[in-house]
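One line per chain: the protein sequences are R and G, in this order. Using our numbering, the first residue of the first sequence is number 1, and each one after it goes up by one. Using our numbering, the first residue of the second sequence is number 1, and each one after it goes up by one.
Hints in this document: simulated from the structure, not taken from any laboratory. As the structure is a prediction and not an experimental result, all values here were calculated from the model. We put the CB at the ideal spot given by N, CA and C, even for glycine. Don't take every hint at face value.
Unchecked claim - Where chain G lies over chain R, by a calculated footprint (3+ residues, C-beta under 8 angstroms):
no.: 1; stretch: 61 to 69
no.: 2; stretch: 80 to 89
no.: 3; stretch: 145 to 156
no.: 4; stretch: 345 to 352
Claimed, not checked - Quick list of in silico lysine-lysine cross-link-like pairs, DSS-like style, CA-CA up to 27 angstroms:
no.: 5; chain 1: G; residue 1: K39; chain 2: R; residue 2: K88
no.: 6; chain 1: G; residue 1: K62; chain 2: R; residue 2: K74
no.: 7; chain 1: G; residue 1: K39; chain 2: R; residue 2: K74
no.: 8; chain 1: G; residue 1: K62; chain 2: R; residue 2: K346
no.: 9; chain 1: R; residue 1: K78; chain 2: G; residue 2: K33
no.: 10; chain 1: R; residue 1: K88; chain 2: R; residue 2: K74
no.: 11; chain 1: R; residue 1: K78; chain 2: R; residue 2: K88
no.: 12; chain 1: G; residue 1: K62; chain 2: R; residue 2: K78
no.: 13; chain 1: G; residue 1: K33; chain 2: R; residue 2: K88
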Amino acid sequence: MTAYLAQDPRLEDFGHDPWWLILIKIVVAFAFGMGLTVLGVWFERRVVARMAVRPGPNQVGPFGLLQTLIDGVKGMLKEDVLPRTADKVVFFFAPTVSAIMALTALSVIPFGPLVSIFGHRTALQVTDVPVAVLIVLACSSLGIYGIVLGGWASGSTYPLLGGLRSTAQMISYEVAMGLSIVAVFMTAGTMSTSGIVASQAGGSKFASIGGFDLYVPGWYGLLLIPSFLIFLVSAFGETNRAPFDLPEAESELVAGYMTEYSSIKFLLYMLSEYVAMVSMSSIMVTLFLGGWRAPWPITLWSGANSGWWPLLWFLGKVVLLLFVFVWVRATLPRLRYDQFMRLGWKVLLPLNLAWIVLLAGVKVFQGSELTSRNRWLIVAGVVVAALLVALLWPSRKAQPTPSLEEQVAARPAGSFPLPPMDLVVPPSPRARRAVAERQPANVGGTETSNDSDETRKEV
Amino acid sequence: MSLSAYVPIIALFALAAAFALFSVGVSQIVGPKRYNRAKLEAYECGIEPSPQPVGGGRFPIKFYLTAMLFIIFDIEIIFLYPWAVTFDALGLFGFVEMILFITTVFIAYAYVWRRGGLEWD
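Construct all of the structure, not just a fragment, from the sequences and the given hints.
Structural data, given as structure tokens:
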């Protein structure tokens, strides 16, 4: 393991790059975001098409690969409509806010270990700072401004509602997302992305069969699986992706905050959604799936985690997660808004808090500073606390439904008049006539009403 | 560790900003401009657009409530982060302190739930 750890960048390794290296790195990170976006749109359309037994875009370029580029050029050549009711300045700048923030989040993603570029030893990562994960969260929060401002500046009903909805959705799921990372910080002991990748390096050996050592990977996606699942769900909510794509629920809000946008501004919103998807996948790989480190069977080859190879493993994991995004979109129907908010506030949030407390408790319990007497005291305390909570949990008493007379009597004076409650509606003349005409068919039997068996035989 | 590690973030921000503003600017030049009064109206599925008061219309108070709840919990998260990072160093003391803190926030959460602050109907 020490041989690999020499490849690991540490926080002190960042901040010494010459300006040309910074320039190369940011251009490559930018190209990574844009390239994966362009390919991702094509990928999504193809995969969704395959899942619906359609061919998907296959005309422009080999396998339709250039479809997205052509769509971009076409969008650029369209008229940029500025609605009469719009707030001109905000309307102009809102889409750029979304796109800029989505792209900036890529600045702290670790793509690989230390390599040598033109004789300069540097990490395959634009930069790393002690609060790197906070920067990703901040970027995704600031991206919300683009959406709410765009919806507000359109001066139209649907975009306003779409923008508000989208904002409420994103901030709700940001709470869930922020809480789910706490467990990762607790285990890794750092907030820097390269540090989190390094802390997932060591797997624990659980078996050795015929000279082969089997390792349990140290990925937090396995160790902290509740955090990973919550993060995955909130990533869908945070990027406005199906099944949580409520801001663009076509059946209710036309296109949500994008309704009034056209031409390149519309494309910028689409772009920022896909770049956000790419950066969410990247951060998920970094936090939970071991970052650029090779998955298990490849690690048997000793050179897997050094040099430029990790770029490939990283890209593979990101594409895998992008496929999950597309797969979910093709599989699940859209949620209703109240169901969606209930999931975020009433399920994910308490689950998250309980999981953090549980994990912290287990970690402290395993720590060595406790005597056995104190341990038993803690166990007893937890049991007592759980019993107290169970005893004092406020239960909602089911109100007995009042009878009809009580309900009528409870109405305030001056209410509108009620029809008689025991009203029996007489059958309509037509129905009576129809019954009368049918009568002769049964007349043959002497007792028509009671003895149905005999009647049927005779008929 | 110096502030120079933050420079590339600003550089990437600048690159992204240049790209976004450039593409918005170019489309102003290369796109056609054909005036049509109906095109500039707010889109409302073909009916006459409902008039919007200056500075945006009214919208449900629920959104404000959600924003306020978000601030409460976001601040809780911000307090949890430093604790989580230094968890091993703080040990039992930090754990007990954080349990007390989470309990206080949880009481507020239970209150909001009971008062129907999390309902969407």
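Against the structure, the hints:
{"no.": "1", "hint": "61 to 69", "verdict": "violated (count 0)"}
{"no.": "2", "hint": "80 to 89", "verdict": "holds (count 6)"}
{"no.": "3", "hint": "145 to 156", "verdict": "holds (count 4)"}
{"no.": "4", "hint": "345 to 352", "verdict": "holds (count 4)"}
{"no.": "5", "hint": "G/K39 with R/K88", "verdict": "holds, 16 angstroms"}
{"no.": "6", "hint": "G/K62 with R/K74", "verdict": "violated, 40 angstroms"}
{"no.": "7", "hint": "G/K39 with R/K74", "verdict": "holds, 20 angstroms"}
{"no.": "8", "hint": "G/K62 with R/K346", "verdict": "holds, 16 angstroms"}
{"no.": "9", "hint": "R/K78 with G/K33", "verdict": "holds, 9 angstroms"}
{"no.": "10", "hint": "R/K88 with R/K74", "verdict": "holds, 24 angstroms"}
{"no.": "11", "hint": "R/K78 with R/K88", "verdict": "holds, 19 angstroms"}
{"no.": "12", "hint": "G/K62 with R/K78", "verdict": "violated, 38 angstroms"}
{"no.": "13", "hint": "G/K33 with R/K88", "verdict": "holds, 17 angstroms"}
When each numbered hint is compared with the structure, violations occur for hints 1, 6 and 12.
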